[in-house]
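K.L.:
Sequence:
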Amino acid sequence: MTVKVGILNKMKKNNPYQWRRPVKKALLLVNQAAGTGNAKGKVFSVISELAKLSYEVVTFPILPELGLTSEAVISEYRRYSFKLVACIGGDGTLNHVINALMQITDEKKIGIPIIYIPSGTTNDYARTLGLSGDVDKLIYGVKNGRVYKLDIGCFNGEYFNYVAAFGAFTNISYETPQNQKNTFGYLAYLLNGIASVPTSLQARYHMTVTHDGETEEGDYIFGAVSNATSVGGFKTQALASASLSDGLFEVVLIKAPDDLQEIGEILLAVKDGNFSSPYIRVFQAEKVIFESTEGVNWTLDGEFGGKIGQAEVTVLPGAVRIYAEE
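Heads up, the sequence shown is in the numbering used here, so the first residue is 49 and it goes up one at a time.
Bear in mind the hints are in silico, worked out from the structure with no lab data behind them. A couple of the hints might just be wrong.
[What the hints assert, rightly or not] Here are the simulated lysine-lysine pairs, DSSO-like style, with alpha carbons at most 27 angstroms apart:
1) K100 x K72
2) K73 x K156
3) K335 x K191
4) K73 x K157
5) K197 x K156
6) K156 x K88
7) K73 x K197
8) K88 x K185
9) K72 x K90
10) K335 x K157
Required output: the full structure, derived from the provided sequences and hints.
P.N.:
In structure tokens form, the structure reads like this:
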């Protein structure tokens with residue numbers, strides 16, 4: 049018997065993945081409805097790899113129709129002192145996770161690191177961070193403590209990771225039916241975008257925009273406060289150099305055109321990423337206030353953010369930590 053125990057101990061010592069009693073707790077949230085619905089295939093892999101790192105993984109599906117939301121789960125399980133939160137889904141899923149974590153913190157930052165495994169349709173934020181959704185690469189980042197310390201935005205008390213926007217095309221991400229997103233991916237966005245061009249470019253939003261001690265007023269067809277190098281699945285020269293941790297957001301305002309020729313010039317400038325166009329204004333700011341006499345529909349990280357008459361957008365520097373891939 050002594051010999052057998054000795055052999056067993058030797059096997060444990062030589063096997064770096066020998067299971068040990070979990071000493072840390074991790075929360076895993078899975079949105080199977082996001083994107084192409086491939087989140088399910090990654091769940092076992094995430095649980096297995098975290099278990100090897102001595103995490104006890106508590107797992108929940110995201111089922112909003114049953115009240116199983118990120119906000120509800122994180123609020124209920126906050127007493128468990130999780131050392132890590134992981135989510136599988138799209139940028140909208142991550143948005144809900146970060147909002148939920150911000151609601152339970154007394155500070156303006158989240159102390160718990162996050163694993164984000166993208167499985168959405170466009171994954172703008174994931175693309176900006178260079179996250180491919182490869183579980184093995186992310187676990188390597190966890191083992192080696194590779195963490196992005198990132199800014200997030202506060203929009204009238206709600207939080208967003210990479211964009212708050214109003215105007216042309218911004219309704220596409222939350223009005224495109226999920227089954228179309230799952231089937232067609234980018235094509236669903238493009239088809240809906242093309243279909244909405246006439247109405248999107250005819251709509252005008254009279255706004256007063258205040259930032260850095262100055263105020264400008266005008267009619268706009270689009271406005272965005274962004275912290276990403278890709279928005280709507282497209283990259284532009286203006287966003288390509290954006291930093292995600294400089295305490296500043298990039299603000300884009302597109303003026304309303306007066307005739308068909310100007311519409312054509314605006315569409316061409318946006319397509320080419322030419323933000324030196326006289327119709328397009330780009331600047332950086334840490335706080336921006338948008339005011340309108342009528343409510344304007346906003347989107348936050350691709351989800352409906354409400355019909356707002358006044359929006360105060362501020363940056364929270366280094367508020368979130370997200371694991372990087374190898």
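K.L.:
Now tell me, hint by hint, if it's right for this structure.
P.N.:
Hints versus structure:
1. K100 x K72: Cα-Cα ~11 angstroms, so holds.
2. K73 x K156: 23 angstroms, holds
3. K335 x K191: Roughly 36 angstroms between the alpha carbons, so the hint for K335 and K191 is violated.
4. K73 x K157: 20 angstroms, holds
5. K197 x K156: 13 angstroms, holds
6. K156 x K88: 33 angstroms, violated
7. K73 x K197: 22 angstroms, holds
8. K88 x K185: Cα-Cα ~18 angstroms, so holds.
9. K72 x K90: Given pair K72, K90 holds - Cα atoms ~21 angstroms apart, limit 27 angstroms.
10. K335 x K157: 17 angstroms, holds
In this structure, the hints that do not hold are numbers 3 and 6, in rising order.
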